[in-house]
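Undergrad: Could you build all of it, start to finish, from the sequences and the hints given here?
Residue 1 is where the sequence shown starts when you use the numbering used here, and the numbers rise one by one after that.
Hint data in this document are derived by calculation from the structure and do not stem from the laboratory.
Think of the CB as a built atom: it goes at the ideal place given N, C-alpha and C, for glycine as much as any other residue.
Incorrect hints may have been included.
[What the hints assert, rightly or not] Listed next, the in silico DSS-like pairs over lysine-lysine satisfying Cα-Cα at most 25 Å (straight line):
(1) K153 - K127
(2) K105 - K91
(3) K127 - K105
(4) K91 - K153
(5) K127 - K91
(6) K105 - K66
(7) K127 - K66
[As the list claims (entries may be wrong)] Simulated DEER-style distance windows between Cβ atoms:
(8) D25 - E158: 22 to 30 Å
(9) E158 - V31: 44 to 52 Å
(10) N34 - L114: 25 to 33 Å
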Amino acid sequence: MDLAMKGSLNDVGSVDVFSWISYLDLRTLDVLTNSTLSSSSDPHNISFHYLIPEGGNDKLSYFKLKVLLPDSDLTVTSQKQIKDKLNLSKKRFVYIAADSIIKGKVEDLGRIELGGYAIGAVEDCSKRLSDYISMDVLSAIQRAGAAFSWVPKEPYNEDACLLDFDVLLMEPRKLEKTLITSIMRWATGCLQQCRY
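TA: This is the structure we're talking about:
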């Protein structure tokens, strides 16, 4: 889970990828692992930490993945044990949704400076703001709310890329402990209720 950074932002070190699935289909984790390792310039420095549904057999799932990916560094843990596996003292975490196919170098995320922010998401320029929001309606709202300080004066860029929440970079030291607990509670609840 730790995106360890040694020295400067140019020297990334090891990258630990964290993901989970809400149903026990290891094919998605196999694709995620293979695509990440295939795109990496240093696949030996990438570790994977996967959470499987509660009640899933951790050891059996681990060995099934190791048969497919014998040289990969991975752990498989039940979602019930997430609190034990989440080490808040780590510098960085990389979360990638299990159904993702990685085409770039995941280690490039380690070079991104988050500034004062605790979480960063990558841009997805295949989706634009105007694909989801009527720009005419947004402009009308902006004109009507011009007197309010929370309404931006600058017009929105209809070609702006959207955020892809399937790939997140997190620095847990910048998060408040209560926020981490809330996120873990939400994620655990969602994993129990959300089914694809």
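Undergrad: Now look at each hint and say whether the structure bears it out.
TA: Structure-based check of each hint:
no. : hint                   : result
1   : K153 - K127            : holds, 24 Å
2   : K105 - K91             : holds, 19 Å
3   : K127 - K105            : holds, 21 Å
4   : K91 - K153             : violated, 37 Å
5   : K127 - K91             : violated, 31 Å
6   : K105 - K66             : holds, 22 Å
7   : K127 - K66             : violated, 35 Å
8   : D25 - E158: 22 to 30 Å : violated, 38 Å
9   : E158 - V31: 44 to 52 Å : violated, 34 Å
10  : N34 - L114: 25 to 33 Å : holds, 28 Å
In terms of the numbered hints stated before, the structure departs from hints 4, 5, 7, 8, 9, listed from lowest to highest.
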